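Single-letter residue listing:
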Amino acid sequence: MRPEDYDMNVEIAWCPGCGNFSILRALKMALADLDILPERLVLVSGIGQAGKLPQYLKCNHFNGLHGRSLPAAVAIKATNPQLTVIDVSGDGCMYGEGGNHLIHNIRRNPDITTIVHGNMVYGLTKGQASPTSQPGFRTPVQVQGVFEEPFNPLAVAVALGATFVARAFSGDVERTRDILVEAISHHGYALVDIFQPCVTFNRVNTFQWFREHTYYTDHDPADRLLALEKSLEGYGGGRFPLGVIYRVEGERTFEENLSVYHGDATPLWRRSHDPDKLKRLIESKRMV
Amino acid sequence: MSRVRGGENSTLIRVSSTPVRAFIERVDVLFALSPGAVEHMDGRVKDTLVIADEEFHEEGAISLPIMGEAEKLGGRIFANVVAAGAAANLFGVREETFDEAVRSLFERKGPDIVEADLRAGRKGYELGDELREHLEISIEPQPSVREHVVLNGTEAVGIGCIAGGCRFMSSYPMTPSTPLQVFISENAAEFDMVFEQAEDEIAAINMCLGASYAGARSLVATSGSGFALMEEAVGLAGMIETPVVIYIGQRPGPAVGLPTRTAQEDLNLALYAGPGEFPRAILAPGKLEDAPEIAAHAFNLADRYQIPVFLLSDQYLADLYYDLPSPQIGEEPSYHITRTWEGYRRFEFTADGISPRGIPGYGSGTVRVDSDEHDEEGLITEDLDVRRRMVEKRNLRLEMLKDDTLKPEVYGDNSSALICWGSTYWLVREAIESSGADVSMVHFSQVYPLPHDTLELLESFDRTAVVENNYRGQFADLLKLEGFEADERFRRYDGMPFSVEGVAGFIEEVLL
Ligand SMILES: Cc1ncc(C[n+]2csc(CCOP(=O)(O)OP(=O)(O)O)c2C)c(N)n1
Ligand code: SF4
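Line order of the protein sequences matches chains L and B. Numbered by our numbering, the letters in the first sequence go through residues 13 to 300 in order. Numbered by our numbering, the letters in the second sequence go through residues 25 to 536 in order.
Worth flagging that the hints you see were computed from the coordinates, not collected in a lab. This one's a predicted model, so the numbers in the text were calculated from it and none came from an experiment. Take these hints with a grain of salt, some might be off.
As the list claims (entries may be wrong) - Covered, in the sense of this in silico footprint (three residues per stretch, anywhere, with C-beta under 8 Å from a C-beta of chain L), are these stretches of chain B: (1) 232-245; (2) 378-390.
As the list claims (entries may be wrong) - Label-pair restraints from in silico Cβ distances: (3) L/Val155 to B/Glu509: 50 to 56 Å; (4) B/Lys96 to L/Ser271: 42 to 48 Å; (5) L/Ala277 to B/Arg411: 38 to 44 Å; (6) L/Ser284 to B/Glu210: 17 to 23 Å; (7) L/Asp19 to B/Arg411: 24 to 30 Å; (8) L/Ile115 to B/Leu420: 40 to 46 Å; (9) B/Ser458 to L/Ser284: 43 to 49 Å; (10) B/Val280 to L/Val216: 43 to 49 Å; (11) B/Asp518 to L/Arg292: 38 to 44 Å; (12) L/Arg236 to B/Asp518: 52 to 58 Å.
Every residue, glycine too, gets a C-beta built ideally from N, C-alpha and C.
Just chain L, with the same shape it has in the complex (with noise of 0.2 Å):
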């Protein structure tokens, strides 16, 4: 395939200049190595700038709630593991109001990958402070400036054994494509966390800042103590690092664990119907 086979011919509602475009152009990129059919492919994501990606990309896709494309994407690749799911999340929706799901899909290591559009701040509502905003980030909302400490996304997934975990940047496209095809191809769970800088609302955190402050780490990632303390780089000073944070191969998948797939991949909705196991379970609740 070819990047521009998943091409759309759409407007896209994203402002000029915006981080969201490499991504999406990485994206494709990856796609088309990977040779990832559209109509095996199903984008999930929730709302927000990020969550309006699917609609730029050829492909299937479901754009639910807010903070929800987790819960959805992990029942879509268990109904039918045959097909390609990757979710799309900006920072908010995926650390702030989806905290728990992404928490509890680590946890169950579905074969999905996870992209979030780290762009410290909420785009789509116009410029308020997100979980990984950086602290004085000043914001229409947040006057005094940001005093919480921001979400660690990668410190929280390797701590929690997600199976792979990156952090790219979307000013470098090449990178993050090569990142993006690591973490699709990956069996199990990836987390990747693309530094996205929002040229609207954040005018701290630019193109600029993040090329000041991140480098390419080439640290052993199957090393989970040294993944867990490249992962706290960055924050309180010094340089975010980019690249494979973490990997583990090998673990088994929420698919795999469910008995229905235990020997036969059928998706869920081709399994016919037995009316004679029915009736078996009825008799068995003759008491004489």
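Given the structure of chain L, go ahead and fit chain B with the ligands onto it with the hints provided.
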């Protein structure tokens, strides 16, 4: 009370030569297995033969050494089985039959436990001989019940869910919906279903919508507070025209209310749940005999109209057991899934408002659904004309649904009627039968939308009363919206189901 162990608890068992299926206040024989038991049955112990443990020194009661014997057998834990043995003897149950029941109940706990329980049962039988001197009970054995199965309301619904092709269930535990979660998960491997305990109710219903979008018939079970958390996703189901079956085991609210008691308080919650306007159907089985068929129907209805369908149950129905002929479940579910093609549009405008439903991975098209207002392709739109047409498309199906309803059951041929819905079926019916009153019953097992001729039917009675387990009279209000105002409302909202005596008393005082 919401306790796992300890506290007072009671189980009402009715024994008769003819079928009895409803709750009554009267207690003929009470086995008191704790010192507070008689007090716990406050007001219901009149002309009652009380059989109490000799340790309790219960006045006027027959004393049996139940605890002492249990302890000799290995512990107080056997007291229940000793008492059950005595009761079985009193009611003329053959000892072999009782032993068989003990075996099947404790089988999975291992041979040692089964042996001990059998011994406890035998001891109970011995004690029971003594009871026969105090009470003469004549019950004719009914050989026809040999053909019967014993179900509770949860199992009856669960069987229907499987029959209706349920393939996916995700839920979060909440009494009294948890038993249905247990039933489906126990049967998941055998019937090719996925059961997942979600991290919360919001996840549960969003998972169901994902599963349904991908083609699996899906079910979520919860109770009032849990359902309150699901409301937003009910709107999503409406917007993306995706089927889902929502089982609500009602219990008294608001908030967490009385966790282990019963109510019919969440009709309005189901009726109005979710932002915006979109169609839905609400079914409320009244009896175990047709709960399987109704539950199966819920899945077919949801699939045919691409809407959320509610199954309203409650603690009373969910936990009620009785024997009944094996449910015969009709036709195989018919699926309404289409293979997609290049240029397929999920929300295509059609004459009846129902677009062919494709699912991802089946055919060469792509299936796009969006919670934002969208065009036929599922792409976000702000075109107000498309918006208007989409609203009409979604709501058009409500009109079709009105032509495809479960008819209310009319029992009797009188000029007065008791109108009821859901779990009160046998309570009202037995009250009418036992009082011998010239009153009919109109029972609705579909409460929304109502059949077109509802008004006509209800207006054919001279006097009517609506019987329901809530304070407001929510169904009576719904009927009023349809243009029918009942003369009376008989309500109970203390957390208990109606009793046969209670309804009969109401008939005598008010309707006759
Ligand atoms: C339940 C609910 N609450 C609030 C909103 C309003 N809302 C829409 S998007 C959004 C935040 C978006 O921020 P983020 O997820 O960071 O995405 P971005 O727009 O920055 O890409 C909010 C609060 C909503 N749609 N639903
Ligand atoms: S508001 Fe920010 S995130 Fe949204 S499109 Fe504009 S620049 Fe991008």
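Hints, one by one, checked against the model:
1. 232-245: The restraint on the region 232-245 of chain B holds, since 10 of its residues have a Cβ under 8 Å from chain L and three suffice.
2. 378-390: Held - the region 378-390 of chain B has 7 residues with a Cβ nearer than 8 Å to chain L, which meets the minimum of three.
3. L/Val155 to B/Glu509: 50 to 56 Å: 54 Å, holds
4. B/Lys96 to L/Ser271: 42 to 48 Å: 44 Å, holds
5. L/Ala277 to B/Arg411: 38 to 44 Å: Check passed, 41 Å falls within 38 to 44 Å.
6. L/Ser284 to B/Glu210: 17 to 23 Å: For L/Ser284 and B/Glu210 the Cβ distance comes to about 21 Å; the hint holds.
7. L/Asp19 to B/Arg411: 24 to 30 Å: 26 Å, holds
8. L/Ile115 to B/Leu420: 40 to 46 Å: Between L/Ile115 and B/Leu420, where Cβ atoms are some 41 Å apart, the hint holds.
9. B/Ser458 to L/Ser284: 43 to 49 Å: 47 Å, holds
10. B/Val280 to L/Val216: 43 to 49 Å: Given range 43 to 49 Å: holds, Cβ gap about 44 Å.
11. B/Asp518 to L/Arg292: 38 to 44 Å: Holds - the Cβ-Cβ distance for B/Asp518 and L/Arg292, about 41 Å, lies within 38 to 44 Å.
12. L/Arg236 to B/Asp518: 52 to 58 Å: Cβ of L/Arg236 to Cβ of B/Asp518: about 56 Å, so the range 52 to 58 Å holds.
Of the numbered hints given earlier, the model fails none.
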